Amino acid sequence: MQTVENAKKFLMEMDTIRSNIASVEELSFHLQDSCIMLASKVEDADRNMKDFIERASFLETKKSQLMQQSSNVNDFLIKYHMKQEEIELLKSANLNIHSQARAFFATLHRLKDAYVDCQSMTEKHFHGTIGFELLEILGQHQDTAYLHLFEWVKQKCESVGNNANATQESILSDDAHDVNVILQMSIRQLQDIPIYFSQCQELLVQARRNQLIQKFVLVLTQGDASSMKSALDLQSYDAIGYIGAMLAWVHQAMAMEQEFLYAILHHDRERTESITSVPSTPSTRNTTTPSTTNTNTTNIQEILVKVIHGLGRPLKMRLSQTLENNNTLETLYAIADLLTFYQSMFYKILPQTENIIYQTVTNCLADCRKFFANVLHKQADSLQKVTSSSCQDLKVSIVTRECARQIVGILIAHDHSLSTISTNEADNLYVDVVLGDIIQPLLQACRLAALQSLSNIEMAVYMLNNVMFLQVGKFFCSIFFILFFIQMHFAFTLLSFFQ
Amino acid sequence: MQLLESEGNTWNDVLVLEEVNAILKRCELDSIVELLEVLPRNLKASEQIGLQKERVEMVMRNFYNTLFITVSSHSEKLQDPTVREEIRGKISQRISEAHALVSYY
Numbered sequence: 014m015q016t017v018e019n020a021k022k023f024l025m026e027m028d029t030i031r032s033n034i035a036s037v038e039e040l041s042f043h044l045q046d047s048c049i050m051l052a053s054k055v056e057d058a059d060r061n062m063k064d065f066i067e068r069a070s071f072l073e074t075k076k077s078q079l080m081q082q083s084s085n086v087n088d089f090l091i092k093y094h095m096k097q098e099e100i101e102l103l104k105s106a107n108l109n110i111h112s113q114a115r116a117f118f119a120t121l122h123r124l125k126d127a128y129v130d131c132q133s134m135t136e137k138h139f140h141g142t143i144g145f146e147l148l149e150i151l152g153q154h155q156d157t158a159y160l161h162l163f164e165w166v167k168q169k170c171e172s173v174g175n176n177a178n179a180t181q182e183s184i185l186s187d188d189a190h191d192v193n194v195i196l197q198m199s200i201r202q203l204q205d206i207p208i209y210f211s212q213c214q215e216l217l218v219q220a221r222r223n224q225l226i227q228k229f230v231l232v233l234t235q236g237d238a239s240s241m242k243s244a245l246d247l248q249s250y251d252a253i254g255y256i257g258a259m260l261a262w263v264h265q266a267m268a269m270e271q272e273f274l275y276a277i278l279h280h281d282r283e284r285t286e287s288i289t290s291v292p293s294t295p296s297t298r299n300t301t302t303p304s305t306t307n308t309n310t311t312n313i314q315e316i317l318v319k320v321i322h323g324l325g326r327p328l329k330m331r332l333s334q335t336l337e338n339n340n341t342l343e344t345l346y347a348i349a350d351l352l353t354f355y356q357s358m359f360y361k362i363l364p365q366t367e368n369i370i371y372q373t374v375t376n377c378l379a380d381c382r383k384f385f386a387n388v389l390h391k392q393a394d395s396l397q398k399v400t401s402s403s404c405q406d407l408k409v410s411i412v413t414r415e416c417a418r419q420i421v422g423i424l425i426a427h428d429h430s431l432s433t434i435s436t437n438e439a440d441n442l443y444v445d446v447v448l449g450d451i452i453q454p455l456l457q458a459c460r461l462a463a464l465q466s467l468s469n470i471e472m473a474v475y476m477l478n479n480v481m482f483l484q485v486g487k488f489f490c491s492i493f494f495i496l497f498f499i500q501m502h503f504a505f506t507l508l509s510f511f512q
Numbered sequence: 085m086q087l088l089e090s091e092g093n094t095w096n097d098v099l100v101l102e103e104v105n106a107i108l109k110r111c112e113l114d115s116i117v118e119l120l121e122v123l124p125r126n127l128k129a130s131e132q133i134g135l136q137k138e139r140v141e142m143v144m145r146n147f148y149n150t151l152f153i154t155v156s157s158h159s160e161k162l163q164d165p166t167v168r169e170e171i172r173g174k175i176s177q178r179i180s181e182a183h184a185l186v187s188y189y
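Each protein sequence line maps, in turn, to chains A and B.
Mind the numbering: the first sequence is residues 14 to 512 in the working numbering, read in order.
Mind the numbering: the second sequence is residues 85 to 189 in the working numbering, read in order.
Read the hints as simulated data drawn from the structure, not as lab findings.
Only pairs whose alpha carbons sit at most 20 angstroms apart, straight line, appear in this in silico SDA-like list of lysine to any residue: (1) B:Lys161 <-> A:Leu467; (2) A:Lys319 <-> A:Ser172; (3) B:Lys161 <-> A:Ser468; (4) B:Lys109 <-> A:Glu471; (5) B:Lys161 <-> A:Ser466; (6) A:Lys408 <-> B:Thr166; (7) A:Lys408 <-> B:Glu89; (8) B:Lys109 <-> A:Ile470; (9) A:Lys408 <-> B:Asn96; (10) B:Lys174 <-> A:Asn469; (11) B:Lys161 <-> A:Gln405; (12) A:Lys408 <-> B:Lys161; (13) B:Lys161 <-> A:Phe482; (14) B:Lys161 <-> A:Ile411; (15) B:Lys161 <-> A:Ile470; (16) B:Lys174 <-> A:Glu471; (17) B:Lys161 <-> A:Arg460; (18) A:Lys408 <-> B:Gly92; (19) B:Lys161 <-> A:Glu471; (20) A:Lys408 <-> B:Glu169; (21) A:Lys408 <-> B:Arg172; (22) A:Lys408 <-> B:Asp97; (23) A:Lys408 <-> B:Arg168; (24) A:Lys408 <-> B:Asn93; (25) B:Lys109 <-> A:Asn469; (26) A:Lys408 <-> B:Glu160; (27) A:Lys408 <-> B:Val98.
Predicted, not measured: the structure shown is a model, and the values here were computed from it.
Make the full structure from the sequences, and use the hints.
Written as structure tokens, this is what we have:
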């Protein structure tokens with residue numbers, strides 16, 4: 014019984030084990046199925062991965078091709094297409110502002126290069142009408158840009174001409190210098206359009222001429238406020254000082270105008286590149302040859318002739334009036350020296366026959382020489398009328414004193430002379446000739462007067478008194494200059510000692 | 085300036101000459117000097133007409149008197165003191181030459 018119960022228990026236990034094993038077997042079958050399923054899924058995944066990698070490499074290749082195409086299109090657009098902001102800049106940039114002007118010129122350079130490249134591309138590769146359409150669009154942008162540039166130059170020239178109160182400081186300030194450089198750059202760009210360029214030149218000439226005339230009249234009638242100088246016309250009582258001041262002002266004005274025109278119209282590549290930071294390209298580089306430079310210089314001189322033309326009339330009027338005043342012989346001599354000096358100076362600045370200032374000074378110099386000769390002749394004639402009563406006391410006559418004063422004045426003018434008239438032996442105003450023309454008639458007059466009423470011995474005393482007086486006048490003139498130079502030398506020595 | 089110098093020298097010489105002649109003429113020494121200047125060397129001066137001892141003595145007395153008489157000469161009217169002194173010097177020189185000539189003979 015126990016054994017049967019044990020066996021039953023064993024069977025029961027074994028049933029449990031059997032059922033467990035059956036379940037395990039079932040589970041293992043499940044597991045096996047799962048493994049087989051997993052294996053197939055892994056194979057699928059592996060296959061998918063391979064497909065994916067192939068696709069990825071294909072897309073990568075495609076991407077690089079497309080990137081290359083994009084870059085090419087971008088380059089094409091950069092070269093030939095103007096962005097909207099660039100178009101706006103070309104149309105309405107404020108060229109008075111340095112940064113905007115710089116951007117404008119850079120864009121204009123790019124536009125010009127694009128136009129040239131587009132032109133050559135169109136000629137080489139004929140692709141329907143696309144090239145011509147592009148060329149037309151670029152041309153329209155160029156026209157807009159040039160028109161805007163021309164309008165600015167026109168407005169700038171008009172403001173220069175109307176700005177009569179422009180002081181030397183305002184002309185020489187940094188802002189004025191930048192505007193001058195921008196104006197120079199603008200005019201150089203407009204050289205590509207002859208119609209605009211010639212108009213610019215005319216505007217500039219008109220503006221500067223008006224301004225110069227206004228300044229001259231102002232300096233003559235009201236003075237120069239910036240340098241606290243009074244009106245030049247107030248000095249008209251002093252003929253030499255008046256003429257000297259006028260000619261000095263005109264000379265300085267001419268030199269400044271010449272510099273201004275050179276700055277505006279003469280091409281200086283390095284200077285404009287440094288300001289505008291625009292490097293030149295092969296299509297825009299201006300190779301300056303000696304013949305180009307000479308042509309440019311001649312052109313500037315012709316323009317300068319037109320600019321200074323307005324000064325001729327007021328200058329001539331005042332010079333003529335001053336000469337026609339009853340000037341003394343020594344004053345006329347000094348004026349002749351001054352006019353001769355400035356005649357050569359004006360010719361040096363502007364060696365053109367149409368130089369109105371040179372012509373004016375030359376004519377006035379001829380008049381001055383004529384007046385001088387007339388006064389000398391009149392004096393010689395009047396000396397013949399010296400009467401014998403003037404020499405009875407055997408003392409120095411009044412006419413001798415007068416002539417001695419003239420001689421001193423002429424010698425002073427000779428020592429201060431700026432030109433070579435007093436030292437040029439071929440000139441009628443050579444100092445020895447002039448002094449001879451004064452002394453000879455005087456001595457003749459003295460002899461004639463003495464002969465009429467004096468004995469030989471009295472005549473000798475009278476002549477010696479007059480001759481010695483003339484010689485002493487010359488002696489004191491020399492002493493004066495020796496003392497003057499000693500004084501100047503002492504002053505310089507003292508100044509250097511204190512420094 | 086050379087013109088003035090030559091003119092001055094000319095009138096300088098004229099004045100000296102005139103003054104010397106005037107002084108010598110005043111004491112009659114001028115005629116004695118003229119005769120002595122043309123006298124041949126081999127002749128004795130005191131034996132010539134116009135050069136007699138008495139006459140020469142008289143002229144020399146007049147000459148010394150003239151020197152001590154204050155006569156306002158024209159050269160005093162020269163305004164330049166330097167030229168005045170120069171003229172006086174030349175006049176004195178010429179007169180002393182005339183005196184030396186007479187004394188020699």
